[in-house]
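J.: Here is what each chain is made of, one letter per residue.
Number of protein chains: 2
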Amino acid sequence: MDFPKLKNDNLLRAARGEKVDRLPIWIMRQAGRHLQEFKDFMKDKSFFELCETPEYACEVTLQPMRRYDMDASIIFSDILVIPQAMGMECKMVPGKGPTFTTPLKLDNMKDLTLRPEINSKLSYVYDAITLTRHKLEGKCPLIGFTGAPWTLMGYMVEGSGSKTYSASKKWLYQNEEETNKLLDALTENIIDHLVGQANAGAQLLQVFESNAGHLSSHLFEKYCTPRLKYIATSVKKRLGEKAVPMTIFAKDGHFTIESFADSDYDVIGVDWCTPPELAREKAGNKVLQGNLDPCALYASPEELTKIVKEMIKRFSTTKYIVNLGHGIYPDMTPESVQTFINAVHSVAIE
Amino acid sequence: MDFPKLKNDNLLRAARGEKVDRLPIWIMRQAGRHLQEFKDFMKDKSFFELCETPEYACEVTLQPMRRYDMDASIIFSDILVIPQAMGMECKMVPGKGPTFTTPLKLDNMKDLTLRPEINSKLSYVYDAITLTRHKLEGKCPLIGFTGAPWTLMGYMVEGSGSKTYSASKKWLYQNEEETNKLLDALTENIIDHLVGQANAGAQLLQVFESNAGHLSSHLFEKYCTPRLKYIATSVKKRLGEKAVPMTIFAKDGHFTIESFADSDYDVIGVDWCTPPELAREKAGNKVLQGNLDPCALYASPEELTKIVKEMIKRFSTTKYIVNLGHGIYPDMTPESVQTFINAVHSVAIE
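Top to bottom, those sequences are chains A and B.
If you use our numbering, the first sequence corresponds to residues 1293 to 1642, in order.
If you use our numbering, the second sequence corresponds to residues 1293 to 1642, in order.
One thing to keep in mind: the hints can contain errors.
Each computed BS3-like pair below joins lysine-lysine, with the alpha-carbon atoms no more than 25 angstroms apart [what the hints assert, rightly or not]:
#1 B:Lys1462 - A:Lys1331
#2 B:Lys1297 - B:Lys1311
#3 A:Lys1388 - B:Lys1383
#4 A:Lys1455 - B:Lys1462
#5 A:Lys1299 - A:Lys1431
#6 B:Lys1388 - A:Lys1388
#7 A:Lys1514 - B:Lys1605
#8 A:Lys1402 - A:Lys1462
#9 A:Lys1455 - B:Lys1388
#10 B:Lys1462 - A:Lys1388
#11 B:Lys1529 - B:Lys1462
Since the hints were derived computationally from the structure, they do not count as laboratory data.
Let the sequences and hints guide you as you build the complete structure.
T.: As structure tokens, then:
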């Protein structure tokens, strides 16, 4: 596809465990509501219109790149594009987040297209990625992503975000057969979607298991770990020589890190409740990514710089990608993000 | 106060690390909406009317005692009685939970009564406890409780429950002085309230740090751990010979367990995301309490029994109190609770 030559490959080098020129940093949800230019651009468009129009998705993906000297960009999209491709209608409800018109129930599961043609249904994501790879002009790598099977199932069954995810967890305890059927279909769709994104130009792939913290280690091992490992193995196998590094981020899943030490993921994301030392101890040889408390961006520039440097000291500059421990909140200032980036880039590599 | 003789002291023995006749079990929020008799009783009353009327609080505290062979009862009350005593008006909003009419802000902190007369302001709790101790007829011990300083501050600043607690965390990062002032006042009020409850007849005291999981270990160590330890030490000192066992439960605070191994708490509560082995490893000699996934009560009786027995095997029957890893959800059936209790009591003590 004749993409521009990559000028800053620190993210990819870190992900492969190689030496970097500077510590790579990117921020989950870096394209979004903390930027005034995003809010301006959004004014006459709906959230999913942004996702589904490659030119729009490209534009908002590039917005933080114009402001900040980031070491990665991540395509503007949503984890719920897969349930949408499976036939579920989803709308962004202000104050509530993305919401399915009809939540998934046992008796409407038959209306679901379990294995849609992901490649054609989600072609808008791949077009956005290809376009963005060109427009990025090799500034830094472009990340593609997906939600993990359990996390997607949670949204589908609850209809939106939930405090307890008890409706979807009820499936795990009461309807093992339907749960497996649904999770298996999601797993295959996810693999297709990740392969599609890499083929379109994504240079690293991240899997978001955002709802890991609602499960016990027993349920996570039963329903999630095997499928998450299978996703990494399958994607790399299908991509063959064109395989890219992969990251697993199980939010609030301190108890899951150990399982991913032995997997085909290259990078393990860490939330801010997991101390760096614990993550290192459990993660074996894997590269770690994280884990600044998003609220640390509220601190003064001096204090924030101190916190960031302390975090880096605890992770070390080897096999490490800097990020928040979760997505950035909409009320953070670009100035605090700039301070964060400066603090990271000022650290000497050992 | 000439309370009836205690017939089943397994909870207290377990809390002191002594041998028990059977594994003690109680369930957080055991008095409440999962019981039809509670919903019936609530029909013509508001939530805080229940808390503030000793006869009502006593009645709903006893409801689960009539149904189940539990090893502890816990006084029906709310963690927000302390902010209420400090002058904040709180209402139960259906679908949203307890909500403060005017959330705490820096510029209305002056309207707060930092150190109210807890003993008189919250006398309704002590009256409820004394009454319930009599009405329990020694069936099992009665637990008193409180919210922890940071958890109470979170509700006060956010105005209600929150997904991120970012408004209150902003205080921690930006307003250290006011934060310390508020947390210190809460700490002293909490101590008063715990002493008051023990003096009124509570036989064990539990401190709920329900929002531990929103803080990094750094913030928790800075703002919470010293105050939580001080609470246990002070309460025991003030009670002297009449001191009762104390439990700390820091929800989603796997990273906090180690700090409480060296504290005056007797029991450490464990959420369901923390594997029993990890809790044991970190908790030193302390007694553990927990940690069944509340959603496990959705499982079939056979499956639930299996899960419960497996959990007990992992914790062992020594220094262990059985509970959920969080409060019971309103849609659980009394039958599933009964299965849970039977499974626990069927286990032979080693």
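J.: Each of the hints needs a verdict: does it hold here or not?
T.: Comparing the hints with the structure gives:
no.	hint	result
1	B:Lys1462 - A:Lys1331	holds, 23 angstroms
2	B:Lys1297 - B:Lys1311	holds, 20 angstroms
3	A:Lys1388 - B:Lys1383	holds, 22 angstroms
4	A:Lys1455 - B:Lys1462	holds, 22 angstroms
5	A:Lys1299 - A:Lys1431	holds, 6 angstroms
6	B:Lys1388 - A:Lys1388	holds, 13 angstroms
7	A:Lys1514 - B:Lys1605	holds, 19 angstroms
8	A:Lys1402 - A:Lys1462	holds, 19 angstroms
9	A:Lys1455 - B:Lys1388	holds, 11 angstroms
10	B:Lys1462 - A:Lys1388	holds, 22 angstroms
11	B:Lys1529 - B:Lys1462	violated, 34 angstroms
This entry does not satisfy hint 11, going by the numbered hints stated previously; all others are met.
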